[in-house]
Amino acid sequence: MLFNSLEFFIFLPIVFIAYWYIFNKKIRAQNMFLLVASYVFYGLWDWRFLFLILASTIVDFFTGQIIHSSDVTKKRKAWLWVSVLFNVGLLGFFKYYNFFVDSWIDFVSVLGYDIKSTWTLQIILPVGISFYTFQTMSYSLDIYYKRLTPTKDFISFATFVSFFPQLVAGPIERASNLLSQITTKRVFDYVQCTDGLKLILWGLFKKIVIADALAPIVDDIFANYGSYPASTLILGVSLFSFQVYGDFSGYSDIAIGTAKLFGIELMSNFKFPVFSRNVAEYWQRWHVSLSTWFRHYVYIPLGGSRVSKLKSVRNIIIIFLVSGFWHGANWTFIAWGAFHALIYIPIFLMGRNRMYMNNVVAENRWFPTITEILQILVTFSLVTFSRVFFRSQSITDAFGFLEQICTNFTYEAYEHPLGYRMIDYFLLLGAFVLYEYRIRRDERAPFKFKSKIVRFIAYTLVILGMLLFFDDQIDRSFIYFQF
Amino acid sequence: MKKLFLKSGLYILLILIVLEAIIRVFHLGKDTPTRFLDEYKVEKWVPNQNGFSVTGNRRQNFSEFHINNSGFNSYREFTPTHDQTEIALVGDSFIEGFHQDYYNSIGKKIENNVPGIEVYEYGYAGYDFADQLHLIHSYKKQFDLIDHVILGIKFSNDLTRSEYKVVSGRLALDTPVNRLLKKSKLLVYCKSIGILDPPQELLYKIRKFIVSKQPEKQIDEKEALRIKDEKERKYLANFESLINKYGYDKNRFTLLLDSRITSPIFLSYLDQNDFKYIDFSNTFKESKRSTTLIYDRHWNNHGRTLIARAISNYLQHKDIRKSK
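One line per chain: the protein sequences are A and B, in this order.
The first sequence stops at residue 483 when you use my numbering, and every number in between is there.
The second sequence stops at residue 807 when you use my numbering, and every number in between is there.
By construction, these hints were calculated from the structure, which means they are not laboratory data.
Cβ coordinates follow ideal geometry from the N, Cα and C atoms, glycine included.
There may be inaccurate statements among the hints.
Here are the computed distance ranges between Cβ atoms for each label pair [unchecked claim]:
id : chain 1 : residue 1 : chain 2 : residue 2 : range
1  : A       : 177       : B       : 509       : 44 to 52 Å
2  : A       : 475       : B       : 720       : 20 to 28 Å
3  : B       : 677       : A       : 461       : 53 to 61 Å
4  : A       : 416       : B       : 533       : 31 to 39 Å
5  : A       : 374       : B       : 508       : 53 to 61 Å
6  : B       : 508       : A       : 453       : 43 to 51 Å
7  : B       : 658       : A       : 216       : 32 to 40 Å
8  : B       : 609       : A       : 450       : 48 to 56 Å
9  : A       : 7         : B       : 755       : 50 to 58 Å
10 : B       : 523       : A       : 456       : 47 to 55 Å
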């Protein structure tokens, strides 16, 4: 069930009303109902994969209990490995098995051996597996590191693993935030609900108007890169930057908004990364829940930045490579991660990686300075350059794309594949960036206007935008579902 | 909770009202003229209606229509005489041309190409060959005065009937409920951009789920060919049946078709039986520019110009004009 589907808009009010009117008496009833709703939500995609979620839930629930109850380090470690191996094993089989087999075949063919593989399997990637396996793993890891006391309530834990607003594409929550809310009775809060609805509306706008409207252009340019000049290819990859941002941050906004309707606060996942002044700031603002996960469970255990510079650089490289590989079983994602490591390391070595942690561009001003504008443009260009790898089907395509930019460095006006006016999209993006700039201080309050009339106008314009750019012919699924 | 529902309801209502107003002010939704059945049971538009036809979310195609006294979209009135040279174009939405300004129609283009003639466009969305011949038959007196009649025909969907019957499905679009719904430009707009398709699809899915049918049989290539052949023979039989029933003047009537999408059986039948036809396939094939609209499969201005040129060349070749 997609957030932008009719099914969801029937499902959500039913679950909302039942939750607050029927199952609001006891916390157990609330959780039981949320669990059933979440399993229905996921099962409508493919009910067979519910067993995977259930298996992951059972394994981590019991390993968590055992790790907590034991004082013997070896035993605790052994059970932690059970959890990690099980979850990574699920991921490895469903997401990476064919990649490893194919890569092995490619490798031996380079050495001169030609093997016809019969090992590759027809495997469907279960939606959301990368997200919920990381979430359940974090539970066992937190217990192991003694940051968390495990719950004894299986229903609460199962609800934490499968909570439908963030089940398929995050934000990847830590038990300390989400589970603690699930084990506490929720009370209806009008302000929280309206904030949730506003976030849902803004998320839908980003998805329908920004991401979906740009998709046909980006698809066309990447599919036919060989026949386009550099100007078009640069346009294509720049628009892809906006598309993927609109798509994923739109999804996250809907997820956070939906969770609010049920009295639960999820962590922020996007904090206007478009306005980042360097790549380090970009990673503090883009897919925050994943970055935080890697920082807590990989980077810091490896020593983080408290070790020698050389080891810290090694840790950064590991983090970015693993993060790239998490996105997909393709060398393109590893190259994407490697490129980010490459542009992050100089900032780290100059000690500028934490300088924008607690402020936004033009913090107490209306307009950014010239320096800030230049910084934003450079960061956007670097990140957009890396998107060539992120979006291409293969490494060959990615280099082909870049080669075409260099060898055919000319300008030609681009025509929309369906013949639409391109100016509409440029005006739309301009308005979108300006509005995001206006609300850049608070990613959780997209319609923060004092005047009710102005707020009403904003709602109307957002809905009008959805009508003007709605396209019933395109694939409406979210990009990050494939990860 | 009550407050949430009340306020949300109020906001939704106000937003709908404002959107309705915006769509009206910027004319984003199309106007739909009223249809009716005349005394001969010919379906047409209620005379003397004006409006604008809109295609695309952002008004990408915008054109004006004018329904004349005869109930068809045209800039002229249809008043054939013995002295004048008149040409009738009979056909479906491609001839009707709601996606073009009525004063820049195919008929107007032909008149510009061939001075001294009047072109009457009897186009109506959904007209098949049965509708066309029934119209000519019903208005025999008028059509007898017209010097030449060109009938647009698409073999694959214009010959499914062997005799004329009123198409109730089309007229149902003008039931009181539908007319009332069409008063909301927002609703018309949402329908035209496909936003209302998902609810319809969902209903279809539910119905399909409840009334589970036997799985459809897979047919092999041989069987598919046999079905195709059978269908084509049936269409040919329908053509014969229609011209026998309503009459067809081979001297005055000419078919307008695209041979690329017409069955060779039908083409050879026309050749063998001396039916005249204008084949515009080559003109379209050779065109370097697109001949159809972007958001719609109908002919664009270039396509209409090519069609008008093909018809004009044909008429000039036949020297259809009366000498005064």
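So, going through the hints one by one against the coordinates:
1. The beta-carbon spacing between residue 177 of chain A and residue 509 of chain B, approximately 46 Å, falls within the hinted interval of 44 to 52 Å.
2. For residue 475 of chain A and residue 720 of chain B, the hinted distance range of 20 to 28 Å is not satisfied, since their beta carbons lie about 43 Å from each other.
3. Checked against the hint of 53 to 61 Å, the C-beta distance between residue 677 of chain B and residue 461 of chain A comes to roughly 21 Å, which is inconsistent with it.
4. Taking 31 to 39 Å as the suggested C-beta distance range, the pair residue 416 of chain A and residue 533 of chain B conforms, at roughly 32 Å.
5. For the hinted restraint 53 to 61 Å between residue 374 of chain A and residue 508 of chain B, the CB-CB distance of approximately 42 Å leaves it violated.
6. At roughly 18 Å, the beta carbons of residue 508 of chain B and residue 453 of chain A sit outside the given window of 43 to 51 Å.
7. Hint check: residue 658 of chain B to residue 216 of chain A, Cβ distance near 37 Å, so the stated range 32 to 40 Å holds.
8. Between residue 609 of chain B and residue 450 of chain A, the C-beta spacing of about 54 Å keeps the proposed range 48 to 56 Å intact.
9. At roughly 56 Å, the beta carbons of residue 7 of chain A and residue 755 of chain B sit within the given window of 50 to 58 Å.
10. Checking the proposed 47 to 55 Å range against residue 523 of chain B and residue 456 of chain A shows it holds: the Cβ atoms sit about 54 Å from each other.
The structure is inconsistent with the numbered hints 2, 3, 5 and 6, although it conforms to all the rest.
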